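Chain A is already provided as a structure; the job is to place chain B on it using the hints.
Chains as they are written, first to last, in our numbering: chain A, 20 to 430; chain B, 16 to 293.
Hints are computed from structural coordinates only; laboratory data are not their basis.
One or more hints might be untrue.
Taking lysine-lysine and the BS3-like style, the derived pairs with C-alpha atoms no more than 30 angstroms apart in a straight line are [to be verified]:
| hint | chain 1 | residue 1 | chain 2 | residue 2 |
| --- | --- | --- | --- | --- |
| 1 | A | Lys364 | B | Lys286 |
| 2 | B | Lys229 | A | Lys364 |
| 3 | B | Lys94 | A | Lys364 |
| 4 | B | Lys216 | A | Lys105 |
| 5 | B | Lys94 | A | Lys102 |
| 6 | A | Lys67 | B | Lys65 |
| 7 | A | Lys78 | B | Lys54 |
| 8 | A | Lys360 | B | Lys286 |
Just some of the chain A residues that point at chain B, by a computed CB distance under 8 angstroms [stated by the list, open to error]:
| hint | residue |
| --- | --- |
| 9 | Gly31 |
| 10 | Glu34 |
| 11 | Val88 |
| 12 | Ser90 |
| 13 | Phe265 |
| 14 | Ala272 |
What you are looking at is a predicted structure, and each value in this text was computed from that prediction instead of being measured.
Quick reminder that beta carbons are idealized off the backbone N, C-alpha and C, glycines included.
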Amino acid sequence: MVFGGEIMKQKGIMEFIKDRRVILLVVLLIGSILAISTIGIQQGLDLKGGSLIQIQLEKPVDTATMNTVTSVLDKRLNIFGVKDVKVRSSGNQNVIVEIAGVQPDEVSRIVGTPGKFLAKIGNETALTGVDIVSVESPIITDTQYAVPFKVSVEGANKFAEIAKGKAGQPVDMYLDDKLITSPEVSPELAAGNPSTSVQISGGADSKEAAEAQSKELETLLKSGALPVKVTIVGVSSVSPDLGDQFGQGALIAGILAVLAISAIIIIRYRAPLLVMPIIFTTLAELVLILGIAAIIRWNIDLAAIAGIIAAIGTGVDDQIIITDEVLKGKSLKEQKRRRTKYKIKSAFFIIFASAGTLVAAMLPLAYVGFSRGYTGIGVLSGFAFTTIIGIAVGIFITRPVYAKFIEDIMD
Amino acid sequence: MLEKFLESYKPLIAIPVIITLVSLVLLASNGLNEGVDLKGGSLAVLDLEKSISQNDLKLMIEDGLNAEDVSILSMANDKATVQIGGTVDVVELTDLLKGTATILSYNSVGPVLSNQALNQVYWALGFAFLFMSITVFIVFRDIVPSIAVILAAVSDIIISIAGMSLFGIPLSLASVGAILMLIGYSVDTDILLTTRLLKRKEGTVNERALDAMKTGLTMSISAIAAMASLYLVTIFIIPEAVVLSNIAAVLLIGLVADILVTWLMNLGILKWYLEGKS
Numbered sequence: 020m021v022f023g024g025e026i027m028k029q030k031g032i033m034e035f036i037k038d039r040r041v042i043l044l045v046v047l048l049i050g051s052i053l054a055i056s057t058i059g060i061q062q063g064l065d066l067k068g069g070s071l072i073q074i075q076l077e078k079p080v081d082t083a084t085m086n087t088v089t090s091v092l093d094k095r096l097n098i099f100g101v102k103d104v105k106v107r108s109s110g111n112q113n114v115i116v117e118i119a120g121v122q123p124d125e126v127s128r129i130v131g132t133p134g135k136f137l138a139k140i141g142n143e144t145a146l147t148g149v150d151i152v153s154v155e156s157p158i159i160t161d162t163q164y165a166v167p168f169k170v171s172v173e174g175a176n177k178f179a180e181i182a183k184g185k186a187g188q189p190v191d192m193y194l195d196d197k198l199i200t201s202p203e204v205s206p207e208l209a210a211g212n213p214s215t216s217v218q219i220s221g222g223a224d225s226k227e228a229a230e231a232q233s234k235e236l237e238t239l240l241k242s243g244a245l246p247v248k249v250t251i252v253g254v255s256s257v258s259p260d261l262g263d264q265f266g267q268g269a270l271i272a273g274i275l276a277v278l279a280i281s282a283i284i285i286i287r288y289r290a291p292l293l294v295m296p297i298i299f300t301t302l303a304e305l306v307l308i309l310g311i312a313a314i315i316r317w318n319i320d321l322a323a324i325a326g327i328i329a330a331i332g333t334g335v336d337d338q339i340i341i342t343d344e345v346l347k348g349k350s351l352k353e354q355k356r357r358r359t360k361y362k363i364k365s366a367f368f369i370i371f372a373s374a375g376t377l378v379a380a381m382l383p384l385a386y387v388g389f390s391r392g393y394t395g396i397g398v399l400s401g402f403a404f405t406t407i408i409g410i411a412v413g414i415f416i417t418r419p420v421y422a423k424f425i426e427d428i429m430d
Numbered sequence: 016m017l018e019k020f021l022e023s024y025k026p027l028i029a030i031p032v033i034i035t036l037v038s039l040v041l042l043a044s045n046g047l048n049e050g051v052d053l054k055g056g057s058l059a060v061l062d063l064e065k066s067i068s069q070n071d072l073k074l075m076i077e078d079g080l081n082a083e084d085v086s087i088l089s090m091a092n093d094k095a096t097v098q099i100g101g102t103v104d105v106v107e108l109t110d111l112l113k114g115t116a117t118i119l120s121y122n123s124v125g126p127v128l129s130n131q132a133l134n135q136v137y138w139a140l141g142f143a144f145l146f147m148s149i150t151v152f153i154v155f156r157d158i159v160p161s162i163a164v165i166l167a168a169v170s171d172i173i174i175s176i177a178g179m180s181l182f183g184i185p186l187s188l189a190s191v192g193a194i195l196m197l198i199g200y201s202v203d204t205d206i207l208l209t210t211r212l213l214k215r216k217e218g219t220v221n222e223r224a225l226d227a228m229k230t231g232l233t234m235s236i237s238a239i240a241a242m243a244s245l246y247l248v249t250i251f252i253i254p255e256a257v258v259l260s261n262i263a264a265v266l267l268i269g270l271v272a273d274i275l276v277t278w279l280m281n282l283g284i285l286k287w288y289l290e291g292k293s
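Excised from the complex, chain A in its bound form (with noise of 0.2 angstroms):
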């Protein structure tokens, strides 16, 4: 490659300095800069680590019964004293449950039961838990634990109304259609007075058993029933260290990438320099990327990662069209200029048909991520979309400024 003279260089430079596409990238660089060190990038669960569970409803539900679902889920978390509990419908089937501890196992129990209270006198329902008004903290000695609540005056008298009479008899009390505790109706309630204190007590084979069942029994009675029947269908956790070490192998896997990719170029242009507009404009589409992320506030996890290799990796093969329809054929000088107009038109020919089916191809997964949501293959939409952005941050953006640099300052 022949350098121009001195003069014609700095002139290239000037003009590579004062065009519109080169300052709007100065510009959304700034900007990403910002956002990603004000708004920061958040980080999807198998990076900073966390559990997520997959449930998924009985049947196919109205927005507003899944509101029911997913603020009665999240009632019980909070209750149960999850910290950093995200609950969120996905379609209107599933719904998904984000943590940011590691503790699927207590967590997928508190969550998949539906938590239908029921309290039966003989065959008659006495109770069910929308009769129910508040629950008190359980009370523990030793192996044997009490939850007290109450009831609404209604509930009460409709109670006292049934036990009339019954006294000695007892009172079945079930969750989930699994009978729990079988007090005793007590003579004055008997007698027909209403009372609107209840409890269910229960016992344990120790302490901290006594301690984990009350707790589990005050959230669903606390948080109410779900309105369908849920069930789990997926768990996944990962532990924060496991999560920092995917982050850090990602982060050597792309030094060494952007090492490898500049061997290869160096050897087949024999041009160092044109190492270094590459790898700019490769950062500065990751840059822009994560930007775009901490804007919208998209979750960076490991397959939003691997969108982000697919669009950079086009993007350097973008490069070497580019590099390639320029350099090629030295021509005459005063036709020079219109000939490298012509040729970057015709490298982004290339690139744009490539973009496009790209794009096309990854249309289908961003669109099931979209309308179905977070579950089965919606997981895969973070990575379409990350590609769709990164793609078009690419063709719109960068790639355009490195074909304005080898115009002005290779050629």
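Chain B in isolation, oriented as in the chain A frame:
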């Protein structure tokens, strides 16, 4: 040598075609594993607290959980990746491994979710391919070259999937992502070749083909180098990142196959087509 290679393009088309056919046979006989996320089951990464042999760990989990389908996917640096068929209660597993290992990461997919995912995988792949093909037709507006590009993508994907079957890489959400990425990479070089050959007028067909090959090979080798770095990192530094390792491996196979498919098959078909036209 290159000139000779360009002259005998017709018999050379047979090489990628034969590889593709062999791949299909291999796929049919060897089958393809499905990952936990598509067939259901549990995958756990363990931090080993004491040394235990691969077989002992397997037996311990099999006996303790009464599970049949237990396999140890990797075991290095005091870490092990275990796959267990069927849904496993994570509490039971934690209790069972107490004193031997702690669970670093756990992933369990029930049958409902896995069936759904497998279905979605087929739809996503099908539509991805359809949309890609439509884009190619819109770009070239010429039947033979468009079909040549699509055929190249088809055989690249078939060879890659056969590679997955050969090296025991399961079909999972991650490898599906890799296959989609491959559609992008594979079509890149094909579009470059087709554009240079059909839309350019300067030089002879062979000169244009050689020029395109120079650019295309630089592109492929850069991508291969990048994926090889990722693969090596997942093997030596983070063996637990099975997902990343699988993506890198599938892309490596696909990129190498793409070199053969593009420069033997796609170039061959295009030259044949151009010769027939003139």
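Evaluation of the provided hints:
{"no.": "1", "hint": "Lys364(A) / Lys286(B)", "result": "holds, 25 angstroms"}
{"no.": "2", "hint": "Lys229(B) / Lys364(A)", "result": "holds, 20 angstroms"}
{"no.": "3", "hint": "Lys94(B) / Lys364(A)", "result": "violated, 52 angstroms"}
{"no.": "4", "hint": "Lys216(B) / Lys105(A)", "result": "violated, 59 angstroms"}
{"no.": "5", "hint": "Lys94(B) / Lys102(A)", "result": "holds, 28 angstroms"}
{"no.": "6", "hint": "Lys67(A) / Lys65(B)", "result": "holds, 26 angstroms"}
{"no.": "7", "hint": "Lys78(A) / Lys54(B)", "result": "holds, 22 angstroms"}
{"no.": "8", "hint": "Lys360(A) / Lys286(B)", "result": "holds, 28 angstroms"}
{"no.": "9", "hint": "Gly31", "result": "violated, 24 angstroms"}
{"no.": "10", "hint": "Glu34", "result": "violated, 26 angstroms"}
{"no.": "11", "hint": "Val88", "result": "violated, 17 angstroms"}
{"no.": "12", "hint": "Ser90", "result": "violated, 24 angstroms"}
{"no.": "13", "hint": "Phe265", "result": "holds, 6 angstroms"}
{"no.": "14", "hint": "Ala272", "result": "holds, 4 angstroms"}
Checked against the numbered hints listed earlier, the structure breaks hints 3, 4, 9, 10, 11 and 12; every other hint is satisfied.
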